[in-house]
Amino acid sequence: MAEPLVSIRNLTVSLPQGADRPLAVEDVGLDVGRNEIVCIVGESGSGKSVTAHAIMGLLPRGVTATGGQILFGGVDLLREAPEALRKRRGRDIAMIFQDPMAALNPVVAIGRQVTEQIRAHRPVSEHQALNQAGALLSQMGLKDVASLLKAYPHQLSGGQRQRVMIAMALSLSPQLLIADEPTTALDVTTQAQILKLIKRIQAEREMSVLLITHDFGVVADMADQVAVMRHGRVLESGAARSVLGNPSHSYTRALIAAVPHGESQLPPPPDARPLMQVTGLTKRFRRGGLFSRASITTAVDDVSLTLSKGETLGIVGESGSGKSTLARCVIRLLDPDAGEVLLDGADIAHMKAGRLRPLRRRIQMVFQDPYSSLNPRQTVGDIITAGPRAYGEELKQARARAADILQLVGLNPQVMDRLPHEFSGGQRQRIGLARALMLRPDVLIADEPVSALDVTVQAQVLKLLDDVRKQMNLAMLFITHDMRVAAQVCHRVMVMRHGRIVECGPTRSLFAAPSNDYTKALLAAIPGRQSI
Amino acid sequence: MNFARRFFSRPAAMFGFAVFVAIVMIALAAPLVFARGPFNIVGMPLLPPGAPGLLAGSDILGRDMAVGLAYGARVSLLVGVTSTLCAVGIGILLGATAGYYGGLVDDLLMRFTEFFQIIPSFVLLMVLVAFMQPSLASTVIGIALISWPQVARVVRGEFLSLRSREFVEAARVLGMRDARIIFTQILPNALPPIVAVSSMMVGSAILTESALAFLGLGDPNLLSWGSMIGGARSAMWVAWWTPVLPGLSIMVTVLALNFIGDGLNDALNPRRRH
Chain S
5 MAEPLVSIRN
15 LTVSLPQGAD
25 RPLAVEDVGL
35 DVGRNEIVCI
45 VGESGSGKSV
55 TAHAIMGLLP
65 RGVTATGGQI
75 LFGGVDLLRE
85 APEALRKRRG
95 RDIAMIFQDP
105 MAALNPVVAI
115 GRQVTEQIRA
125 HRPVSEHQAL
135 NQAGALLSQM
145 GLKDVASLLK
155 AYPHQLSGGQ
165 RQRVMIAMAL
175 SLSPQLLIAD
185 EPTTALDVTT
195 QAQILKLIKR
205 IQAEREMSVL
215 LITHDFGVVA
225 DMADQVAVMR
235 HGRVLESGAA
245 RSVLGNPSHS
255 YTRALIAAVP
265 HGESQLPPPP
275 DARPLMQVTG
285 LTKRFRRGGL
295 FSRASITTAV
305 DDVSLTLSKG
315 ETLGIVGESG
325 SGKSTLARCV
335 IRLLDPDAGE
345 VLLDGADIAH
355 MKAGRLRPLR
365 RRIQMVFQDP
375 YSSLNPRQTV
385 GDIITAGPRA
395 YGEELKQARA
405 RAADILQLVG
415 LNPQVMDRLP
425 HEFSGGQRQR
435 IGLARALMLR
445 PDVLIADEPV
455 SALDVTVQAQ
465 VLKLLDDVRK
475 QMNLAMLFIT
485 HDMRVAAQVC
495 HRVMVMRHGR
505 IVECGPTRSL
515 FAAPSNDYTK
525 ALLAAIPGRQ
535 SI
Chain E
1165 MNFARRFFSR
1175 PAAMFGFAVF
1185 VAIVMIALAA
1195 PLVFARGPFN
1205 IVGMPLLPPG
1215 APGLLAGSDI
1225 LGRDMAVGLA
1235 YGARVSLLVG
1245 VTSTLCAVGI
1255 GILLGATAGY
1265 YGGLVDDLLM
1275 RFTEFFQIIP
1285 SFVLLMVLVA
1295 FMQPSLASTV
1305 IGIALISWPQ
1315 VARVVRGEFL
1325 SLRSREFVEA
1335 ARVLGMRDAR
1345 IIFTQILPNA
1355 LPPIVAVSSM
1365 MVGSAILTES
1375 ALAFLGLGDP
1385 NLLSWGSMIG
1395 GARSAMWVAW
1405 WTPVLPGLSI
1415 MVTVLALNFI
1425 GDGLNDALNP
1435 RRRH
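Chains S and E are the protein sequences, given in the same order. Counting from 5, one number per residue, gives the positions in the first sequence under my numbering. Counting from 1165, one number per residue, gives the positions in the second sequence under my numbering.
Looking at chain S on its own, in the form it has when it is part of the complex (with noise of 0.2 Å):
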């Protein structure tokens, strides 16, 4: 076999003190051979990112290489001096992040972006290195390239931008390309085609390419060689399909049975009378005003649905579908321009909020955002008797209740004292999904309660909802990005995209047989859909 590209010996990476753990990154072996994909994949605080950064020699302040050899070409990175490693960057190595907006300059126009990274290193004209700019974006798929290189990057979409990064990072024909998490600020059809994008060039430049990602589906659509990381160590290494089809580590078998496979086991929704109809509702945002040119989108579009007791409705779109804010006119955290939310026939859409206050109770919400969503100077105990404070319950009583319901959510009683900061990503959406539960609402909405979570606390969050909407027979509204999410948890499934309905149907038929051209694109995009 040829010697590997990289080959990383013994790594151990040091955390400042006082982190949660002295080391990030504890004796870690990996190679990456020339003309292949490797993943590392892995929760957050795996050490993956720590990792990748370590072979650039990026790593954050405090976080020290302490032992080991990162061999590149036969040359030990760690031990190589700081002029030679900045050279390195970029010519041999080069990096795409996941947030491609935080990568690139706001204030730069694009062409200038590019030209730096080629004239940094070569002794090109502005001319010339504008043209090779040029060729590589019209490489990476992006058309009309001419006004794209005078274009700023907010100007661009997600994926325009992160094909610009690729762009950057291949401008100098690096050896090994380090992919941070790519596509995970993406969309899923954006994932898919950035994705191929990367496996395409790969290919044609025989390059080696180490992808960082937290998806088993990804890296069963991309990976040769796979290791899999957990607490600073590579539990388990070796070719993608044996690692795959025949996990030798507990933890790997975890992972794979974690990542939702996009296959329903719900049975088709109950027939029963709908507790809620909604009916035209539309929702428009108006921008600008007096001094600037006002201008009009409407996030909701005519939207029609129902939802009965003990029913989950998924409603899946990519980001700026309109999902979220229909989710927010339901609840009336916005107040919709037409159309009717009727609750047991009583239209909440356009009632005055004093009438309102009373029947908040009945629709509750659990959000996005594990930290955001708790505020963060209340301890758990007032965080989830507010609710219930706010309509008069006695502090006792309320407490009492609030024990059962934390151990309904699988948390400890006594974790009431503490405060939101104590408690993991998972365990917050416990707690929100605590404050919830205690109005004993009919009416549940779900807004992407876990994309913000590692796969294998998603699946027990996922679990969980679903528990809980069995005991309490809630109708439940469930927002998401993710196919895969909604096949677990929804008997019904609404496709939506520039806020409108594209296609609604039983989860099952809607998988098996979709009618509408986008959602088929939806399903196909979703990573790892053959494989796994």
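Be careful, since some hints might not be right.
[To be verified] Listed below are several chain E residues computed to face chain S (Cβ distance under 8 Å; list not exhaustive):
#1 R1170
#2 A1334
#3 A1335
#4 V1337
#5 Q1349
#6 N1353
#7 L1412
Simulated from the structure, these hints should not be mistaken for laboratory data. C-beta atoms are modelled at their ideal positions from N, C-alpha and C, and glycine is treated no differently.
Following the hints, position chain E against chain S.
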């Protein structure tokens, strides 16, 4: 309990607090110890500090500087604290309303705030105080009126960013009333910058009062540090202590307040709780 420990774990905060407490004690004790008041003439004018019976020397009229400094602390602290409390009250009320409701309410309130901000504030203050007749009350009201926009701006900014947080949305979904959301959910999270700004404002209010008193627009019946400096103008070159000692008092007090502000800011930050 824990809060106090976090606050006092910072040497600067501890120092600031100790100094501030000492000044407050001096201010409180002044009428008990120096019952005859600061305007009482005790000896020859312009005696240097350390002259028999005169710890801080005497001023241009032969009054005991130490007594003046102690009585001046009363005026400075009273003006600094009360005017800041008024300004913070107005600022929180208007800033919170503007930031929480946004839209037209925000536009109107902010234009109103800007009206106060575009006028040179010290000139406005002099006009206000002169118009109301110089007195302790007019000084306090005047300073509060020129300093609330700063608080309102900070509070509005915090509210604008906090009101779209999911925990605030959650509170609305739970059916809480707006006032309750503003005061129990958002305000506690907006406190650190407000506390920091206020403690600095006490300092700047003391400075402003001194400037007013220096110009003779202070309460004529009260001796303040500012009026002591004002009165010492002509003796500055022959008796350095007459302007320097009240000046030092102002500096030390303002410094102590800034240290307290920094300490409070850190101690109120829940991320530091362990």
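Evaluation of the provided hints:
For E:R1170, the interface hint is violated, since its Cβ never comes within 8 Å of a Cβ in chain S; the closest pair sits about 14 Å apart. Interface hint status for E:A1334: upheld, as the beta-carbon distance to the closest one in chain S is roughly 6 Å, under 8 Å. Hint status for E:A1335: holds, given a least beta-carbon distance of 7 Å to chain S, under 8 Å. Satisfaction of the interface hint for E:V1337 is found here, the shortest Cβ-Cβ separation to chain S being roughly 5 Å, below the 8 Å cut-off.
Nearest Cβ of chain S to the Cβ of E:Q1349: about 6 Å, under the 8 Å cut. The hint holds. Nearest Cβ of chain S to the Cβ of E:N1353: about 6 Å, under the 8 Å cut. The hint holds. Here the hint on E:L1412 is broken, as its CB sits about 39 Å from the closest CB of chain S, past 8 Å.
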